[in-house]
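Asks: Please work from the sequences and hints to get the whole structure.
Same order as they appear, the protein sequences are chains H and V. Here the first sequence is numbered in my numbering, starting from 1 and rising by one per residue. Here the second sequence is numbered in my numbering, starting from 1 and rising by one per residue.
Source of the hints: derived by calculation from the structure; they are not laboratory data.
Where chains are identical, the list cannot tell them apart; a pair therefore holds if satisfied intra-copy or between any two copies.
Calculated cross-link-like contacts (lysine to any residue; reagent style SDA-like; alpha-carbon spacing at most 20 angstroms):
id	residue 1	residue 2
1	Lys155	Gly323
2	Lys155	Met324
3	Lys224	Gly69
4	Lys87	Leu101
5	Lys155	Asn320
6	Lys224	Lys252
7	Lys252	Lys297
8	Lys151	Gly63
9	Lys155	Ser110
10	Lys155	Arg321
11	Lys297	Gly253
As the structure is a computational prediction, the values presented were derived from the model and not from experiment.
Listed below, chain by chain, are the residues.
2 protein chains.
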Amino acid sequence: MSASAPLSVEVTRGAIVESRHLVHVVAVDGGGRIIRQWGDGEQAVFPRSAIKMIQALPLIETGAADAYGLTSMELALACASHSGEPKHVSTVTAWLERIGLDHTALECGSHWPTNEEATRGMAARGETPCALHNNCSGKHTSMLTHARHLKEDPKGYIGIGHGVQRRVAAAIGDLTGVNMAGIPVGIDGCAIPTFALPLRAFAHGLARMASGSGLSADRAEAAKRLLAAMGTHPDMVAGTGRFDTTFMAAIKGRITTKGGAEGVWAAALPDHGIGIALKSTDGTGRAGEIALIEALKTLDLLRPEEVDAIAPLARPTLRNRNGMAVGEIRPGAPAF
Amino acid sequence: MSASAPLSVEVTRGAIVESRHLVHVVAVDGGGRIIRQWGDGEQAVFPRSAIKMIQALPLIETGAADAYGLTSMELALACASHSGEPKHVSTVTAWLERIGLDHTALECGSHWPTNEEATRGMAARGETPCALHNNCSGKHTSMLTHARHLKEDPKGYIGIGHGVQRRVAAAIGDLTGVNMAGIPVGIDGCAIPTFALPLRAFAHGLARMASGSGLSADRAEAAKRLLAAMGTHPDMVAGTGRFDTTFMAAIKGRITTKGGAEGVWAAALPDHGIGIALKSTDGTGRAGEIALIEALKTLDLLRPEEVDAIAPLARPTLRNRNGMAVGEIRPGAPAF
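Replies: Next up, the structure:
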């Protein structure tokens, strides 16, 4: 399918459009066929945290997940950018204990929880954050888990040459069909490598996660298990009030979505065998959320009752500090 | 001068540009002559909090500031979007007391301080926020001050028909040369009206604040006093670590800058009699900051030692949670 204009997203205030965004979106099937693209599907983007479900494949494929008896809640956290709420932190803490480690083994750095209530609760109790509160601590614990299972030195697991990152890169390369040698590499917010992928290739990887197309039976099963875990525990994937949690809860996990920094989003649709990847050109998350829903609706991938359930997310009302409605975020007029 | 392309701003990670922004910028002199514009100077934008120095003119012109013996620190707070740090809150509290009111008179709504340390400190002390912590509480106290001075009912001072907002709108109309009847009106985050102005007209208003051009002696003096107050107390205008505070402190207040929501920025340059207004198309503040400095540098409005002093702001390094440099924000290649 030929290229078209990116999706546009508008932020209004009163009668005028105050800000505008453009979002490149591509939807691909398991065979790699582009179903629809808006904008440039070939541009290289850092998938950031939106690729966590693919990064988690080695956790299952090495046998580590079963050896340590991981729950589906823990599998969801392996693919999460969590908000540092108490349930996230306690689950990661217990999991780390089971693999014989603690927060000092995590090399992701620390920050206060992104959930403001969680941060204020910690401050009220006189606590300070550690790496457990980092939104990526589930993914890092997942990485430590396969390092332990394979009896590798966990120290330095964030390095591009460590077995952990080599397995993760191999899974990304296999799923997306990208030759990982020589593509641009950046350092992610949590210190692991992030590989710039053509948006179409990223979407293809997601479609293969969703469909199992061209994957070994074991890998297809691992992908299915991870997507199911995320859909079953949307509260573990992001956090209270955040898009992925709210969206997946509203549609009962039938579609798996995962956002990343700088306006990247991923969606895997097992029922349709489709993957969708998108990137807002300016890096804003608010544009990515609206564009994802708009793409799903345009491609008729949501059921009528799901369209109703996610309506507040599709066109959110903006309110001021007094709760007055002052504008909205909405799909923009098509750009040609 | 004819139109040209907007300024571009790039966010890099490793070797690639991860996100891009476009910023419309216009620089105008006191007579309304466009010195330079990037992008569309005629588009109507909500100036949001970037126009607070103009909104504060009635505080002085009604005689209220002198009647209540306001300090230059309080005048700076009248023009501020403060971070809710203890010094901001205590200064507003004492000012409100002097006019015989307290926080219950503020109609701006409340939110936790934007300064995270201030928020955690409050949580640790078991405190909750009130309207004093709203970033606009200084402006609202300023509005209440002229209402009190003129013996108006302070109740409902945020309404477009109240004397307070009529004086504010008249000042904006006079300074910018815009006929305020019939232009688009929105509701700002703090519940007062915000009027959509052509970017060029907004810049002209700022140039007249800076130059006094075409203003009565009293108004020119009031404008001078407000700009001087902001330049003298940059810590009151925004807060620890924020752009306006850091920038004005670095250049010793010689240029007054003020950011607003959705990527709007204002600069008034008394030494040159110039005003600059800008709007990032996507509403991101990070783009506005870089574009403002790039415009000032391109127009040769910064002294060599000032260019050095603000270098960290002109091209900030992005660091991950471990403090590793992962990218930067920088002026982009010119778009034609």
